[in-house]
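Peer 1: Below are the chains, spelled out letter by letter.
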Amino acid sequence: MFYPRWLVNLAKGPAVLRRKVASRGKAASPTARLFARSLAIRHLDAGSCNGCESELSLLGSPVYDLSRFGFSFTPSPRHADLLLITGVVTDAMVPLIRATYEAMPDPRLVVAAGACAIDGCVFRGAPGVVGNLQDIVPVDRWIPGCPPSPDDLLDGLLALVGRAAQPRGEAS
Amino acid sequence: MRKTQEVADVSLIAACEQAAQGGNKVLDVFPAEDAVRVAVWEKVAGAITEVDLGAGPHPRPSRQGFPSLRFAEEQDFLPGTFAEAVADPEVVGDGMHVVPLGPVRADVAEALRYELNALGDEIHGLTLRRGYKRRGVAARMRGLEVPSALEVAERVTGTSTVAHALAFSLAVEDALGVEADGGTSVLRSALAELERLHSHLGDLAALAASTGTVVAAADLYRLRETVLRLAARWTGHRYLRGAIAPGGWRHGLADVRGELPAVLEDIEGQFLAVRRALDRTNSFLDRLHGAGRIPAAPLDLVGVVGRSAGVREDVRWDRPYAAYPELCHRRHIPGYAAGDAFGRYYVRCEEVLQSIAMLRRAGWAGCEGLSMPLPSRDGIGHGLVESPRGRLFYRVELRSGKVQSCRIRTASSINWVAVPLAVPNHNILQDFPIIDASFNLSVASLDL
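Residue numbers (the working numbering), protein chains in the order written: chain A, 1 to 172; chain B, 1 to 448.
So that you can see chain B by itself, here it is in the shape it has in the complex (with noise of 0.2 Å):
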């Protein structure tokens, strides 16, 4: 094991590295070759390129520093070439078949090709296929104007709207060299907690479907739904899209401080009903503990899935953007450690009430939205934000005005790669739809 080498971003990279010379637990689940196998998808997309943030003011105890960032470079699409392989363990044998789902399955769902190896019904291995649904985000960014590529970032992954245009305005208003006002940081903020809310209420709502919990599933949806409308009377979108721009604001905000802190009374009351009667339903809690389990090795998981998993960390906490450092502490953060489906759900419930505790918290002047004028100059910005489903890291490069390049490292793109460890972890068919409403990572981020 190389240890000089600092744990980065896609350390699973290093991870299957280290995992290939021996000593490494992920040498255990699978072959050498297919743990490599499980980087090398990151790997052929490009060279990577490693980007240095320096420390941020809250470094985490076990690193040095902020761990560097490393993302692949943006590639050019080849068309016919969509079918990668995440983790391919190639479990042969009598009685041994492959479960196809997808890319087209489910009730609603995204496009995503998993076949599952199962022996009867325990499942033995998961190979995941990506790059059905594809776009070229980065290639399309290129050469656009500032707003213009602000309208792609908002539609890389729709229910995380406000991350993506926060990552991309941070980064944008790092190359300029300038800054948002505190107004706007607080504002910004709280439309964060507000997307995460709605993010979190329809994972749970998936989870508790899964299960057959309906109930339950309903209330959530629900809760859901007014959070969204909420949205749409704040920001005249119900995903929030067209509210943040580099500088501030594309346009004014909705006073909604008269009507928001009766709002979220009612939200919070209505949830810790849902969760009561939920942590009570022992046919629910059954189906979730030990479902699952990520097996312990160093993937360096990222957002909700990581915290589920022993990795308590948190942009907001770790190195705090716009109102964070005022609304955010590390014991606003949760953190369990076992890995399995249960955590997850934990870790999602007590977001939900942390987020709407930073609702209440975010006290703002006005919501009139003012926007700074922006200079004109070229240079390169990062922005790092937490995303509803874990970090999200934005490069832009900007030249005479336009975007140069763009290159965004998403919380799915890293999580992902627990899915095909955690589902054969001694799970059965009827235990999959769990597992994968449990982890609730998006496609659409994977597939850029």
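The following block holds chain A by itself, in its conformation from the complex (with noise of 0.2 Å):
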């Protein structure tokens, strides 16, 4: 049971686990390192058309199989690390959002999916639309798409927790 090198990390914290982590890419702040080997998530949908949804629920599938990167999705923000939006963001879901957000235990992180929660795609600019998620809740990061796939999700998810290699160029 208390086998050596478990005593050693328990010794030096978790900057050895870090450091293991963080071998093969940046992550996007400190504390989206923390989640690197487990991540629970929370998605929330602020006026999507479905097509987000329909490929996060792929995720789970043997395709992509989310849960051998010790991701996993949770019905509850109180369990949850990061807040996953998508879609447009719509009036009715402003309070929502922030009571979301407000629920996660610190620390916590919060990935806009797809064009419209990045800027409202198409419907920027209706009637209800608010189409900008920034001054609601700090966005760790921004995945493109309509809709993002799959590929481009985990990637995302990834590279945001450190595990993802680096493009060529951009200075780690």
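Watch out, some of these pointers could steer you wrong.
Chain A is faced by these chain B residues, among others (derived, beta-carbon under 7 Å) [unchecked claim]:
no.	residue
1	Val104
2	Glu110
3	Ala111
4	Arg140
5	Val152
6	Arg155
7	Glu225
To be clear, the hints were calculated from the coordinates, so they are not data collected in a lab. Every residue, glycine too, gets a C-beta built ideally from N, C-alpha and C.
With the hints in hand, could you dock these two chains into one complex?
Peer 2: This is the structure we're talking about:
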């Protein structure tokens, strides 16, 4: 049970873990790096067309298998590390986005997935559409696409926590 | 009961008016004023306009010609007024409690609030509160050029992109007085069937996941991914966006005629294996039979939900468009009478096989994607198609090359009404996720 390595890791603290998981790429922030091996995702639909949800549901399929990275979807924001927001931000959802974010324990991350969550896409300027997430909650990463494919979503999440290889030319 | 009144598209309103006048089964389920309130959510949206499209080539025998389509006027969005009850039975009593779900709920789900009235485990009522994701689609389209409005139409419901693009295109073509050529029609039908295939596979996977049959769910999700990748190779987009346009095509399509037969053969074989396994899994079938039975009420349901509840109607046969006069016959449209979760499972399974068969039958000459020039004139046009979830109607008014108004009537906006009736119908809380997955209606098409 008390194998030596475990004791060493315990003594050195999370610094060892951070060095290990950060070996492939650079995390968006020190907070994001904490979740490199275990990330509980709470999805929030802020007015999508169901395209993003359709791709998100495929992340659990054997083709993409989110769980092999230690990532999972959680039904409760209380258990969530990351808030994944899809869809144009509607007036009606603004207080709910804030409430969900407030319900999450610190440290927490926010990802805006899909063109709609980034700038409203074709619905920008429509009545009832806010289309700007940045003023509501702090966004750590934007994943573009209409809808972003499961590959894009996985890539965005892995890059956020520092597990994706950095693109060539980008300083690490 | 008013017998002279034609059963309309939103005949729910008529049904509830009848219910209020007595002698109707809706009355047995809910008190009259509550039954009427079921209807009010459409009525308060604005004045109801009636459009008569005339009789189709295959008018349904029980009705006089094709039913006129009624839909709510496009409304201006009022910030703050987002919560509307679809049904509010106001069940009260000792031990009765409310189980609130949403609008942020489940693992990955659309924003909709369910309030289940339960006594112990038994569900006695369901209230749906919608409006969280109203994007002002109709208002956004007003004044846009046709190509820009098409982009909005494609994003009304992500999993029904082709259906929306096709209905919009047919409406614009109708308004301009042009008609797509035969080759274009065949390809459009083929893409529509491909979309139906991936949508139904996703719905079936969600149903399998809700009953805990994870192996079947994994297989069905994998098959869906295969279809989506085929779609990406064919049109350049996994959800077939940007392919269909009024007059023909936005851009040329890849030629997949070579690989299509093998891919379809593969999908069909694997799907039949999954279905055979599910049909032999008692724990799966036990959860579906009798669960979420839609009570006998003149709801005039459409699509899969309607066909599983004895309303064997399909726009592809009733009023064939594109290449469906050659592709689709009444014998290709499955029907089931019980209206329970198993019926919806059965109808979806049959339609998956029919879609594969139609894709095989659709013989097309080329994939070059020719597009005809569109004349510039004003007019009003209608487009009626069968989306994966049922009948979809577009009415587009063009003025000087721009969309003056666009009104949309989606299948989900009709069928959602059945959910608050089906869920409390002798079901327990544990049945709710299964019933919800068996409907798998779109919230995006409800909150336009």
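Peer 1: Any hints from earlier that this structure breaks? Give me their numbers in increasing order, please.
Peer 2: none
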